[in-house]
Structures are given as structure tokens and as C-alpha cells.
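S.K.: Letter by letter, the chains look like this.
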Amino acid sequence: MPLDTSDRGTPLLEMRNMRKSFGGIHAVEDVSINLWPGEVVGILGHNGAGKSVLMKMLSGAYPRDAGQILINGQEAHIENPRDARKYNIETIYQTLALADNLDAASNLFLGRELVTPLGLVNDAKMEAETRKIMNRLNPNFQRFHTPVSGLSGGQRQSVAISRAVYFNAKILIMDEPTAALGVEETAMVARLIDELKAQGLGILLIDHDIHQVKALCDRASVMKNGKLVGTVRVNEVTEDDILGMIILGKNPETGVE
Amino acid sequence: MAEQNAPRDLPQHRRNILDTLEIDTRLLGMIGAFVVICIVFDVWTGGRFLTPRNIFNLTIQTVSVAIMATGMVFVIVTRHIDLSVGALLATCSAFMGMTMTNWLPNMLGVELGASIIAPVAILVGVIVGTAIGAFHGWLIGYLTIPAFIVTLGGLFVWRNVAWHLSSGQTLGPLDPNFLKLGGISGTLGASASWILGILATGFALYMLWNARRSKLAHGFPIKPVWAEMTIGGIVAATILGFVWILNSYEVPTRKLARDFREAGMEMPEGYTEVYGVPYSVLILIVVALVMTIIAQRTRLGRYIFATGGNPEAAQLSGIDTKLLTVKIFAIVGFLCAISAVVASARLTYHTNDIGTLDELRVIAAAVIGGTALSGGFGTIYGAILGALIMQSLQSGMAMVGVEAPYQNIVVGVVLVFAVYVDILYRKRTGD
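As given, the protein sequences belong to chains L and E, one line each in that order.
My numbering numbers the first residue of the first sequence as 7 and each following residue consecutively.
My numbering numbers the first residue of the second sequence as 937 and each following residue consecutively.
Source of the hints: derived by calculation from the structure; they are not laboratory data.
Possibly wrong hints are sitting among the right ones.
[Claimed, not checked] Think about it this way: if two alpha-carbon atoms lie no more than 27 angstroms apart in a straight line, the pair counts; the simulated DSSO-like pairs of lysine-lysine are:
#1 LYS1263(E) <-> LYS92(L)
#2 LYS138(L) <-> LYS1151(E)
#3 LYS220(L) <-> LYS176(L)
#4 LYS220(L) <-> LYS203(L)
#5 LYS92(L) <-> LYS256(L)
#6 LYS138(L) <-> LYS92(L)
#7 LYS131(L) <-> LYS1151(E)
#8 LYS1258(E) <-> LYS92(L)
#9 LYS1159(E) <-> LYS131(L)
#10 LYS256(L) <-> LYS233(L)
#11 LYS138(L) <-> LYS1159(E)
[As the list claims (entries may be wrong)] One-sided excerpt, in silico: chain L residues whose CB lies under 8 angstroms from chain E:
#12 ARG88
#13 TYR99
#14 ASP106
#15 LEU108
#16 SER112
#17 LEU126
#18 ALA130
#19 ALA134
[As the list claims (entries may be wrong)] Taking CB as the label site, the calculated pair distances span:
#20 PHE1139(E) <-> ARG118(L): 28 to 38 angstroms
#21 PHE28(L) <-> ILE1170(E): 54 to 64 angstroms
#22 GLY965(E) <-> ALA186(L): 29 to 39 angstroms
Ideal placement from N, C-alpha and C gives every residue a C-beta, glycine not left out.
In isolation and in its complexed conformation, chain L is listed as follows (with noise of 0.2 angstroms):
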């Protein structure tokens, strides 16, 4: 059962007073969500409501105009992708953010490759270390010396999850995960999004499929326009309610926090 948040001591993450805009356009307003470990919270609402420049501006992609991002109550500076990492958020686009003329390992360690004494690429040592994240997250991919462009969609997704997941992640941002996959693939990651959530991370989920979202997430947050429309507790609501706050804006009565 979902506890009163005041109960759960300091989320690991709070985003205060969000806002970003593109030129005159208020992409996100003034928007706050919490996040706490071993949680798995749904961001809703139609294209273009502001969810993906929600999480850009938290994996860093995008520097926030207004806002405050706190980690564990401290606050965080994030301005580009690689202070997002510092904090241990992790990030799975929709686009996977793949260069489709690398291989997995090369993809997977993007930006964090592992290096011998002389500073040069570790090769050999990148790919072992795949080959061991991969035997874990899909026992079935064998096509390590391919460029990812070469991969089927599942395979790709792997190479994503994989790389978010191998930098022991603490909050993982995860953008439709599952939107091109087949019915097995989703079901993988489905699992994998439990099996995160056990171990204590945080995962904020972007995702279209209202069934998806009532079966993985513990809240939902739903935004319309770039504003906030309200967050609820899931297993309180149901679909319709969840449908209503995506297309008119309106909250329902009960599990409103």
C-alpha cells in the first residue's frame, strides 16, 4: 500500500518549480515531482504536454530556465549530461541515443570508456564487460563486432537498457521504453523494471499505454499544456480516472496526493 509521503523520510529526488521555455512557448511550467527509492513513478500525458523537456532537463540534455532539482535533500547542480551522471541518473531515450556505427560496447561505455594504464581504449576489456551486462539483461544477443545500426529493435533496446543500467544507476529516466518493442520484448522489460525497483533505484516512466502504467507504476504524474495536472496513487484510481486527467485536465476525487 502506498504510504502518506510523509511517512517516507527524504525522497531521492525532488523536482521543484520546473520551468523551461522555447522562445515564447512554455514547453514546462512551474512543475514538481517527487521520486523515492524503490518507486517507480509514470509521467502521462499527450505528445507534447512537456514530459520528455520534464526529463531533459534532469538528465541534463536541456538546461532549466527556472527550478530546483534536489538529490537525497541536496541540491544539485545539473547543467549539461554529464553532471546528470555524476548524480547517477541514467537515462533511456526514446530516439536510445545509439551511434549506429559503433558496436554494443562502444555505445554502452559512450562517453565513460574504460581505459588501460596508457590511457588508450580498453577494448578487449569494454567488451568482456558488456558481453557480462548483456548475459544478464538478454542472454540471447551474440552480435558484439556489429554496428548498432545493424541490430534488430529489441537488440538496440538492450544496448540502451544495458548502458543505463551497467553505471549502477539511482534514478533511471526511462522515455516509452517499450514503444517499438514486440510483446516478448516488453515483457523483459517489464521485468527488468521490477527487478530495478527491489534493488532501491528510483524510475520515473514516460509511457502512452495506461495498462502498462496501472501494472509497473506506484504514482502517476500528468501533465497537459506544461503544467502539472496533479499526481495519484495508482492503485487508488482507475484507468478512466487516469484517462480524464490526460485529456481534460481534471482531477479525480480520491487518490490525489
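Fit chain E to the supplied structure of chain L, relying on the hints for placement.
M.R.: Showing chain E alone in chain L's frame:
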């Protein structure tokens, strides 16, 4: 590390002999094209093309463009272009020429021929080239002006900065030590060339062995021993064969006799000497090695290729793509300066039109060498081979008496055709 990763279900089937040898078919195609060009011209000229003398000349003519082409690979891989390399070469050359013939002797009173002149001049050239390159990179990376425009502007600017510096005059004669880096006036001679060849062969074989050992240590699939031996044999034969050819080019007796006379000695009867490996080729080898290591074994290289493959992904991975652009163009500027040393030393003068149209030759060399203009793909050895192919075409045609305008027509057609073949190849292999 490797215990759990036994290669239990790796694809072990190898389709054919090329697969087993793990030879890049694109490389093979380029070597094939080069061999065909050589044979055709050799037959056409009645055996004058594949003589030690002509191969020696071909080699030293290729060096300048080849050095810049290795840098152009990085530029094109990151989806940029550099149209200014020829003009930048001219500016570096003008700075070095002025340092040697004017600034050091006239302003600082350094005696002509002093051993300090060449190193200072080269240092000046390298600083100028790197700084201008970095400036281009800053305009492209930070101010987001397209590379095409920045370097097109650079082409006009630097060509004429060179003209301004030298007041449009030919600068020379250049320092004698400097001239040794141009080609024929500075070579290793027979013994040193052989030693170099043997060292290089040993190094190449060690690298092959080391790669195999590293794969074994991690439990990755390896080639059969006979395949390793075959590749090792081909590599050794190529290196030693090249040294042997350069060592077969004898210094003309008349030149030797003159050298002896100048030293105040009598030339012994039957005395001969060979040229061997020119210093300029040594420079190219060092550049090729360093650039290959950068491309394949450093973070910088990894970031260059990642940015070429998917700039957005590179940025999201925390790569500073703006600074990366500055670094890439600074490397090109540095290489232009090195090429300027070789080119002006080979001519023995700084001339106004030095490096004219080199930008096109350099881009063509990189592209013929398999660098994709769409970004993400390219190799250093490919660019050097591309430069060699272009140069052999051009000198071959000159030898059989094709007039200059027709030579250029052929080179242009070959460039377009080569890129078309490359497109077909990529479609076929899905690269």
C-alpha cells in the same frame, strides 16, 4: 573477468577465405585499383612506371596531400568539410619562409645556415597552423557557422594572408636543413632504411600477436593460426619490399662526384650510394601511426566517430561536441603546417601558389579512401591509399604524355566514379 564469458555460442562459421583472414574488402578493392593503375601505366610507358626512381618520386609527391588527408578523415567523419587546407598550407609556408629568409636573419641577426633556423621556422609554422585550425573549429563549433562557409571564407583569407606576408614574392632559398624534409635531399640511406624496415616489420608483427593474445585472454574468437601467419607474411613482405625498392634507387654518379668535389675529395672508382627512405616519408609514417592510434585507441577518436554516427547521442553521452570540433580542426591545422614543411622543402622555395587546389586533392583522397561524407565512417590508411591512387593516376598520365587539362578531367571522373562504387558497396554490405 573472462570466466563467465566463454564464447559458447558465438557464430563460428566463416563464409570464405576473406572472412577467415578478416581483411576489409574495401581495403582490398583500393589495393586492387592501385595495382591495376600501376600495371596499366607500366605497360603503357614500356616499363618506366614501376622503376625504383619513379616509385621514389611518386612516394615523395604523395606525402604532402596524404598528411593532410589523414586529418580530413576526422573532419569528414564528423560531417564537416575543410575547404581551406591548401590555403592554410600556403599561410604556414609563408610564415616559415619569412622566418627563414627574413625575420631570423634580418630582424634577429641569426646567421644564414645556422642550425637553429629550421626548428624555429617549423615551430612557427606549426603554431600558426594549429591556431588557425582551432579558430576555424571555434567558429564552427561554438558560433555554429557551417564548416563549408567558415573554410570557404578561410580559403580566400589564408591564401591572401600568405600573399600579403610574402608581398606576393617567392621566398627562398630556404634553409638547407629545412630542405632535407622535402624528399630527395634528405634520405636515410641504405643501412638506416633497412634497420627502419626491420623495426617496422617487427613492430607490425608484435601488434598482430598482441591483438591475438588480448583476444585469447578475454575468450573472444580468434583467427586460425595459418590466417594470422598469412597476414603477417603479407605485411612483412609489403614493408620490406617497399624499403627494398627505395633502396634500389641509386644516387646519380654525377651528383656523387659533385658532392665529393665540394668536400674536397676524390670519388673512389665504382663508388655508389642509394637514396633509401626519405625523411618526408618517415614523417608521413609517424603521422599515419599517430592518427591511427588517435582514431582507434583514444577517447578523442571514439568521440569523433560517435559524433559522426549520431551527434545527438554523442551530446547526450556527455561528449562536449563543440570542444571536439575545435580539437579536430586544430589537428587539421597542425597537419597543414607539417604538409607545408614537406611541400615547400620539396619545391625548395615558398611560392605564391603553393598548395593551390590541394583542398580538392585532399578531400578526394579521403573520399576515394572510403570516408563517407554522411559521416561516421573512414580510415586513416584508406585516405593515404586514396592520396597514392590519385597521385599515381596523375603522374602516370603525365608520363604517357596526357596534357594537364585532360589529366584533371580524368581525375574528376575517377573521383565521382569511386564514390559511386563506394555507394554500391555500402548498399551491398549494409554498412
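S.K.: Next, verify each hint and record whether it holds.
M.R.: Against the structure, the hints:
| no. | hint | in the structure |
| --- | --- | --- |
| 1 | LYS1263(E) <-> LYS92(L) | 25 angstroms, holds |
| 2 | LYS138(L) <-> LYS1151(E) | 16 angstroms, holds |
| 3 | LYS220(L) <-> LYS176(L) | 23 angstroms, holds |
| 4 | LYS220(L) <-> LYS203(L) | 15 angstroms, holds |
| 5 | LYS92(L) <-> LYS256(L) | 37 angstroms, violated |
| 6 | LYS138(L) <-> LYS92(L) | 23 angstroms, holds |
| 7 | LYS131(L) <-> LYS1151(E) | 10 angstroms, holds |
| 8 | LYS1258(E) <-> LYS92(L) | 21 angstroms, holds |
| 9 | LYS1159(E) <-> LYS131(L) | 19 angstroms, holds |
| 10 | LYS256(L) <-> LYS233(L) | 12 angstroms, holds |
| 11 | LYS138(L) <-> LYS1159(E) | 23 angstroms, holds |
| 12 | ARG88 | 4 angstroms, holds |
| 13 | TYR99 | 7 angstroms, holds |
| 14 | ASP106 | 5 angstroms, holds |
| 15 | LEU108 | 6 angstroms, holds |
| 16 | SER112 | 6 angstroms, holds |
| 17 | LEU126 | 4 angstroms, holds |
| 18 | ALA130 | 5 angstroms, holds |
| 19 | ALA134 | 5 angstroms, holds |
| 20 | PHE1139(E) <-> ARG118(L): 28 to 38 angstroms | 31 angstroms, holds |
| 21 | PHE28(L) <-> ILE1170(E): 54 to 64 angstroms | 57 angstroms, holds |
| 22 | GLY965(E) <-> ALA186(L): 29 to 39 angstroms | 36 angstroms, holds |
In summary, the structure is inconsistent with hint 5 from the numbered list given earlier, while agreeing with all the others.
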